[in-house]
Structure formats: structure tokens, C-alpha cells
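Colleague: Residue-level listing of the chains:
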Amino acid sequence: MSEKVLMKGNEALAEAAIAAGCRHYLGYPITPQTEVAAYMAKRMPKIGGTFLQAESEIAAINMVIGVSSAGKRAMTSSSSPGIALKSEGLSYLAGCDLPALVVNVQRGGPGLGGIQPSQSDYFLATRAGGHGDFHMIVLAPATVQEMADFAIKGFELADKYRMVTMILADGVLGQMMEPVSLDFGEIKQFDKPWAAVGTNGGRRHNIVNSLCLEPTQLEQWNIDRYKRYEQVMANEQRAEEYMTDDADVICVAYGATARVTKNAIAMARAKGIKAGLIRPITLWPFPKKIVGAAAKKAKAFVSVEMSMGQMIEDVELSIRCSRPVLLCNRSGGMIPTPEEVLAKIEEASKMGGAD
Amino acid sequence: MANTVFQKPHALCDVPLHYCPGCTHGIIHRLVAEAIDALGIEGRTVGVASVGCSVFTYNYFECDMVQAAHGRAPAVATGLKRAEPNNIIFTYQGDGDLAAIGTAETVHSAARGENITIIFVNNAIYGMTGGQMAPTTLPGQVTQTTPYGRDPQYAGLPVKICEMLSQVDGATYLERVAVDSVAHINQAKRAIEKAFRNQVEGKGFSLVEVLSTCPTNWGKEPAAAMEWLRENMIPYYPLGVYKDKYADEKGGSK
Amino acid sequence: MTTRILIAGFGGQGILFAGKFLAYEGLLEGRELSWLPSYGPEMRGGTANCSVILSDEPVGSPIVTNPDVLIALNLPSLDKFEGDVAQGGEVFVDSSLIERKVARADVKAHYIPATKLASDEGLSGLANMIMLGFVIKHTGVIPYENVERAMAKVVSERHKDLLDANLRAVALGYGYEG
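Chains as they are written, first to last, in the numbering used here: chain A, 1 to 355; chain B, 1001 to 1254; chain C, 2001 to 2178.
Please keep in mind that the hints were generated in silico from the structure rather than gathered at the bench. Please read these numbers as outputs of a predicted model, since none were measured by experiment. There may be inaccurate statements among the hints.
As the list claims (entries may be wrong) - Facing chain B, from chain A, some residues (calculated, C-beta under 8 Å):
id, residue
1, 26
2, 29
3, 30
4, 59
5, 87
6, 111
7, 351
Think of the CB as a built atom: it goes at the ideal place given N, C-alpha and C, for glycine as much as any other residue.
Isolated chain A (complex conformation):
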């Protein structure tokens, strides 16, 4: 294991993306993710890479489309309002089956909202990244190490399934520093025979395209794409389970909120309440199997999130509403305190849930 260094989450993510072989970063400044762009601006010229500050979020994601069409690992990052602008490009990436890494360091909304941490783009990331039938793989880091590791993992998954991987972080993870190891071992690369890199006179032309005016054919494209999504759902669900073995109350929380929840669980355990945490690492696919299995033992669930209540729907769906699910939430850039989470755990522990 290599020596650890102290880095901000945004910077660790950027350095890991470079380690993954990404040489094209296209972005636009927005708080609180600007460090990613600044880091890339500093590093890319030194390694023969491209950092480009685009004229808009929309242009940036379309430049990503261009780079990815040429078969190269491409990345952009932004924060909530900027990600909304990228929706068009996200849909085209899906429609063209192009891989890309898109980072959303979330801030409070809607509208211009605020610049403090938030998790209110859960629906955007997992439900409606853009128009049409499609999904993105959504990874939720909770440490600076995971900010780095998931950049690597994100590129690998994106190439493997020809999908967009979105890293859904928040201002806390982007701005905080923790010790991080930048030793990532072997990084998988994938052949891209579909890339538009010039025929070189040796083959029929490749076409990167999402247009199909023949409904039966477009439907078939969608069906084929969803078969790939089924593989992702079967193979890639990930979650961390923390003190769930004997837990009566299971909290579900991701990212920075999961860290707050761990503090609350320690406090609950000190009071004799058997509480545990399932921390989804993939938000799409949501770790339904793990959450569903937990419902067999737990009496009640608490969805802890920095939104008005978005992920709670996936918790309820995963357990088919077989147990009460309470919401512990703050929004607008407010972060729940361990005390607030503890109060919900205590409330949940008094609920029935017996079969």
C-alpha cells in the first residue's frame, strides 16, 4: 500500500480520473466543484491531456460526447444547476451508447438555490437524467478515498456497459480533506471498435447516432439497451452494511449523510437501541437485494437524506412497504445532525413492524 496523502475530495477524484487514463476534461466553473476543474487545468497540460473550459455546461457535455465518440475516456463535472443543463447531453450519451464519467457535487436547489451540500438531485440522477428511457450508473462516495476509487470504477463500468457513470457527491465530500491512497492497481481498459476515429480506408463507416424514425426499430434499441441495464442491476448493486446483523432499526443513507448516521448509530447503541446502517454505494442500481433482505429482520427503517425525501421511495420499493419507513431529512444546504438522526431512530424503535 502506497503512502497516503492529504487531499480534498474534488482533487482526489480528479487525480484518480487521470490515473484511469482520462486525458480529456471538459467543464465549466460552478461552486462547490470548481476544484475539479482547477486541478485538471493544472495537471492536464503537463501530461499531454486536454483541459477545456467550455462556454456552457451544455457545450461541455457535448464536447464529452465528441471525445467519447472518438473512443477516449472523457469526463465533466458540475454541480446541481449545471447538471440540469447537461440533461440533454446525458440523454444523447445514453441514446448513442457512449461511456462517460459525469460528476455531480450537489448543492441545494431548486433554481439557483444555494451552494451548501445537498442530496436533492437523487431523482435527477436515478430517475430523470434527461428525456427518454434510460439509466445511468450512479455511484455515491462517502469518503475522499471513495471519491478517488469511484472515479476509476466509474470509468470501468461506463466502458464495460457503454453507459454514463455519474458520481453523485456533495459539497462536504468535495471540499473535505482526508488521507487518501492513490495506488489503484491495474486499471481495466476496453476495446471500442464502434468509435468514430476515421475508417482509415479499412472498414465501413462507424456511425454514432441516437436517431431512429422507425418506431419498431427504436423500440428494439430500447429493449436491447434495457437488457444491458438488467445485467447492471444483477451484477453491480453495492452497499456497505454497518451493524445491521442484529439491528431492529435500519437507517439507509448515502454519502456525507451516511457518516452523520454512523455517529447517530453509535449514540443509539449506547442507549441500548439496536440500530444499523445500509449505505447504498450504487444509487442506480439501488441495492434492492440488500435492503429487501434486511426487511426480514428489522422492524423499521429510517431514510436519512439531504432532500425533502427522494431516496425514501427506493427504500419503500425495495421492501415493498413491508415495514414502516421514517424520513429524517434536512434540505436547502442543511445537514442533519447526529442528534436529529438519533431522535428518528428512537421513534422508529418504538414502532411495531412485527409480522
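Fit chains B and C to the given chain A structure using the hints.
Modeller: Okay, now just chains B and C, sitting in the frame of chain A:
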């Protein structure tokens, strides 16, 4: 054995085009393909199709093609070029795509001096959606969304892309041509080839604006449409070179 | 053992740097740690604070809501955070900028005229590091003998000329007898 005196350029696919009778896209496609052939760059050329009547150009050129979202072709081209700087990247865009929804991408790819080639087809109307006002629709011109004629007091005035981009320092070569006559088509051919050659030589951003007809949505016979272009569009959009950074060099503009 | 530290003052007082210094020392010791800045639209002159947690266990929430150690470099910061300090915690006050005393009786208060000392000793701009020396003396949050090592790590190559001044500032605070 008979001599072949005329044939399709290699870079143009041997498929029927979907365009309306009298539409000049076919001519412009041919000119682009001829330029690719002349420069011998088909194997390393990647085209970007835009949204509009020309959306299917990805089926018409033998080179690799990428289909871009409405207005975003210059951004996609930027990505393609930055990923593979030795490849030759061109976009083929209409007036709605380039001069309305994609204005920012157009201006800023020029400002960056991206070493790409843009073929801008200006026919003063939205064709694919059925004849609505374009940013280049002339004052008084009747369209589906200006049924009483474009009223400048109400709907504003047309955008002149070559004139506008000539003020952008990053742009290298801007020329407006037309395809209404043999003489003009020959000039268009020279301009398009030059726009590609500039890229091969690493000279930067080149855009050729091609004044074109839309007989169907203009509601005119093809010949009458050509006449209308000559009488109405050319006076408003004068032909010529609007910028040529390398004009003093041999092979610079006329 | 977990120490939750909150450093608060005006932007430009070196709040984030002071926190970084503690974090680097934690890194060199191989401890678990987190460093989290407040961030806002103001680049200079607004309020700034920084949460640092040094621990022997993995750090849960990196947000310090109830600090064991509060370092207050201006009055608004003391007003805002005094009530949050954990019972039995320690509050460090720059008495050259904050005239009032700590009101709570269940925390331990320490006073040092750090800003005045800095200007008297030709160390202007380094009140933050004088405060840290003073904190190290009274809390042992990091071993004093490791200060030089951590400082070498945290002072960037570009600012190497400031290394000695920073070390002198920490020593000054460490030696201060209030």
C-alpha cells in the same frame, strides 16, 4: 469500353438522398465529398451531422459520422478534434441549428480557433419541422410562424453569421457562397475545399456559409426558388470572403 | 481518543491553513482524520471556519457540531460557537481581538493576545499559528516535537521562506505564559 466522364465522389455513399425535389443539399453534399476526395482525407475524416433536414448526413458520407444534438455540432466537433487532433472534423449544419439554438457553440468554437471545418447551409427557414421562421428569415418573409411576413418590429432582424463571426478574433476563414448557378457552385466548391485544406494545414476555424433554397417550404418551383434566392437572399447576405487570416499567402483568397 | 476541533474567525486570518497544519500532523502520525472548511461566496473578509477531527477510529461525520476545542479568532465566532462547545471542552480566545470573557462555566477558557503578539514580534499575519502553539501547549492535541515535521509538509514549496516565521509563531504561542 466507354469512358467514365462523370461519377459520384468516393466520399459520398451510393444511396438515394431523402431531400425534396429541387433542394440544394444534394449539391452541397457533393461539394463536401469532392473536397474530401480531392484532399485524400476520407479515412481520417469524421463528420458531425446536426439536427434539421440534413440530420441524415450520417448515412450519406463514407467517412465515420457522429450525430449531434440540435445546435451542439461545434462542441461535439471540438471533442472529436481534441481527442484525435490528426483527424479532419467537419460539421454540416443548417441555419436554425447553427444560428439560433447553437449560437453559443458556433461563436465559442470560433473564438477558440478550433481547427475544424463548418459547412453552414442557410436557406432562411426551418425545413425539417415544416417551414418556421429561422434566425436568417428575411424581413417580410412568410413562414408558418410569421404568417403575415416577418415583422422586424415584432420578430427582429436576421442574424448575419459571416459578418458576426468576422469580428471574432479566433476565426480563420469565413466565406459566403451560393449554389444557385454554375458560377456560384464553382466558387462554393473552391471555398469548401479551402475550408478543409485550412484544417489539414492546421490553420484553424473555417466556416463556409452556403445560401441554399428550400422550394418546398418557400412554396416555389425549384427554378423559381433559385430566382428568389438571387433576388432576395444575395442582396441581404452578400457573397464573398469575410475573413481570411492567410489571405496574403499563396492559395489565400481571391 | 477523538478530538473535535473548530477553528473560526475572519477569512484571511489563516483559519483553513491552521486546520491544515493539524491535519497534516495527523496524517504523519498515521491517525484517522478529517478536515472540512466552511465555504461561501466571499473570497476575503467574511467569516470562515474549519472543522478538524483527529481520532484513533475512522471518522464518522466530518462536521464538528460540538467541538472539544474551539479556537476563536474574532468575536462573532466566539458568540456563534461558544454555546456548542462540549462540556468540559476548551475554548481558546485571541484576547487582542475579543474583549469579552468566555461566559460558560463548564468549559475551560484560555486567553492569549495572539494578534498583538504577532505584530509586536514582526510576525504579522501569523496570529493563527501563535494560537496553535498555545493550543498545543494546553491540550497536547499534537506532540510539540512533531511541529517542525508537519510544518515542512504543509508550507508549500512556493512559500518556503515563511517556514521559519511559522515555526517561530508556534513557538511563541507555546511559550506564552498568560
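Colleague: A separate judgement is required for each hint: does it hold in the structure or not?
Modeller: Evaluated hints:
1. 26: holds (7 Å)
2. 29: Violated, about 15 Å.
3. 30: violated (17 Å)
4. 59: holds (4 Å)
5. 87: Because about 11 Å separates residue 87 of chain A from the closest Cβ in chain B, which is outside the 8 Å limit, the hint is violated.
6. 111: Interface hint status for residue 111 of chain A: violated (21 Å vs cutoff 8 Å).
7. 351: This interface hint is violated because 49 Å lies over the 8 Å limit.
Hint check: violations occur at hints 2, 3, 5, 6, 7; the rest are consistent with the structure.
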